[in-house]
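Whole structure, please, built from the sequences with the hints as guidance.
There are 2 protein chains.
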Amino acid sequence: MPQLAAPPPIAWDGRELRLLDQTLLPAREEVLVLRDAAGVADAIRRLAVRGAPNIGVAAAYGLALAVTDDPESLESSWALLRRARPTAVNLARAVDRVRDAALAGGAAAARAEAEAIHAEEDAASDAIAAHGASLLAAVRRPLTICNTGALAAGGRGSALAVIAALPAVEQVLACETRPLLQGSRLTVYELRRLGLPHALVVDGAAPGLIRRGEIDAVVVGCDRVAANGDVANKVGTYPLALAAAAAGIPFVVAGPTSSIDAATPDGAAIPIEERDAEEVRRAGGALLTLPDTPVRNPAFDVTPAALITALVTERGVARPVDGESVAELLR
Amino acid sequence: MPQLAAPPPIAWDGRELRLLDQTLLPAREEVLVLRDAAGVADAIRRLAVRGAPNIGVAAAYGLALAVTDDPESLESSWALLRRARPTAVNLARAVDRVRDAALAGGAAAARAEAEAIHAEEDAASDAIAAHGASLLAAVRRPLTICNTGALAAGGRGSALAVIAALPAVEQVLACETRPLLQGSRLTVYELRRLGLPHALVVDGAAPGLIRRGEIDAVVVGCDRVAANGDVANKVGTYPLALAAAAAGIPFVVAGPTSSIDAATPDGAAIPIEERDAEEVRRAGGALLTLPDTPVRNPAFDVTPAALITALVTERGVARPVDGESVAELLR
Chain A
472 MPQLAAPPPI AWDGRELRLL DQTLLPAREE VLVLRDAAGV ADAIRRLAVR GAPNIGVAAA
532 YGLALAVTDD PESLESSWAL LRRARPTAVN LARAVDRVRD AALAGGAAAA RAEAEAIHAE
592 EDAASDAIAA HGASLLAAVR RPLTICNTGA LAAGGRGSAL AVIAALPAVE QVLACETRPL
652 LQGSRLTVYE LRRLGLPHAL VVDGAAPGLI RRGEIDAVVV GCDRVAANGD VANKVGTYPL
712 ALAAAAAGIP FVVAGPTSSI DAATPDGAAI PIEERDAEEV RRAGGALLTL PDTPVRNPAF
772 DVTPAALITA LVTERGVARP VDGESVAELL R
Chain B
472 MPQLAAPPPI AWDGRELRLL DQTLLPAREE VLVLRDAAGV ADAIRRLAVR GAPNIGVAAA
532 YGLALAVTDD PESLESSWAL LRRARPTAVN LARAVDRVRD AALAGGAAAA RAEAEAIHAE
592 EDAASDAIAA HGASLLAAVR RPLTICNTGA LAAGGRGSAL AVIAALPAVE QVLACETRPL
652 LQGSRLTVYE LRRLGLPHAL VVDGAAPGLI RRGEIDAVVV GCDRVAANGD VANKVGTYPL
712 ALAAAAAGIP FVVAGPTSSI DAATPDGAAI PIEERDAEEV RRAGGALLTL PDTPVRNPAF
772 DVTPAALITA LVTERGVARP VDGESVAELL R
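Top line first, the protein sequences correspond to chains A and B.
Throughout, our numbering is defined as the position within the first sequence, counted from one, plus 471.
Throughout, our numbering is defined as the position within the second sequence, counted from one, plus 471.
Hint data in this document are derived by calculation from the structure and do not stem from the laboratory.
Note that the Cβ used here is the ideal one computed from N, Cα and C, for glycine as well.
A portion of the hints provided could be inaccurate.
Partial chain B-side listing against chain A, Cβ under 10 Å, derived [claimed, not checked]:
hint, residue
1, R649
2, A670
3, R683
In structure tokens, the structure reads:
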């Protein structure tokens, strides 16, 4: 398969933040050049940049840009960025770190802290891939949802980095991931660039294929891991966990420890973002239903720890996933 | 809410079959006028008419049209219609009945048999609705998938007829039902005509909402019920059954006994139609992914009998659902 050229998802030159606009992929590769916190917050809200780790990195740079331009804007920009999206904990953690750095050392320290967060996420990806590939070495037919590659997380990503590192992979099944189709638009784009054989399925079809024995393991990312090991991830993840458990195949969550929030006791305490109705009423711009149809549109769901075979992080693997094994990762 | 006017899904005047073209709903209400088996088979294949019972009714009229025009075409038209779609057993059963009638009594008998099948499905709907509403009288917040109203089955339909008959319904949650969006296009259209409060969700979101306690019961139709009670239904049904079982809420299948196939021992023996890749690559005409992306597109999945709380038919309710209770319905 052809390797498609692409700009990096996040690029920083010390003065400007460049984000590959993921809302336009795979049809167009356009780069947003951002110089202030408002622009970064808007890019996060409308998913031009997405994936819990990359949201954190982008927000960190956004706050660094703000304090470089005007040190007085620290608190207001911090608050603006912190509330751009509610579910991923990486965002709050990243802007908190940059604010602390700015308070201690000014704009230069804020920029250095944002760069450190970026470098940490890049390094985490390689370690996650190595741990995950070791755990799942025999897996030939993995299934995933949403996008967890370089577009979502540092380096080569989280769950998709694990899949790309599997030694015997034959075919990756990618869920399209309604409503915003991160699977159809982004994961397929990255799988093609990686040269990995793949097929796309609608989200509702994946559990039936798992039941029919066509999948060896489900590998997904995470937007927030609670202290007890419950995981909030892209809506549609929980049914994959139910189906994997029923079929007796591994359900593995991969992500950096920056997505673990020890202050959130369990999944019920994770705020679930409810997004705009138009996302459900439309796909690819086309109206799919009557124009004013009422909609429920939670962007995430919660998978209870008991359904998760293993949590793969850059610091190692929690298995089984419970309060004790998650706490061990953070020690 | 406004009651939208609409032509009936299936109308027969003894010489022509009129089908409301469901591929164009809800944007346009156009009626196909069909006079031969080839036209009916094509309408079935491309889902202009759909829903297991209505596929059977349309195919029955298609064969009646064929033998009226040319008695010699009985066998070839029977074979053409019988293979138009593989999963719903109603189609095979209906054309077998019309063929038997034609062999015994010629074209007039074939037409009468098709009319009898149509009348039976209309009568079944009322009985299904009554049995289901009695079983689920306390349900305020049902969830359904695909379309199971008058567009899919006789009378007011199967699962949607049950939902419309619930005495205390507050809100119906409708899964959009990718890839062909029968929920967004057809169920929303029918719920509005029925004046029932409703909201649309993407298929992947429904299990998470069930887990959060927002749903009282899942009510779905069936394309084929095997002798042991396993049910093939629209792809995306099985994850709803898993989530209902995990949450301890009823998962109820509603359909006429014409959808039960005693000759199919279990779900593994039900042929699952795999449809065109373009259905997954597109929605509402819009391309959602890279143009030549490989696709898996099973149109149905199988829910094992053990996950089904009750099977509601015009002859009564099987509960629990197993080989014995299903056989009892057919006695």
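- Message: Of all the hints numbered above, which does this structure not satisfy? Sort the numbers upward.
- Response: none
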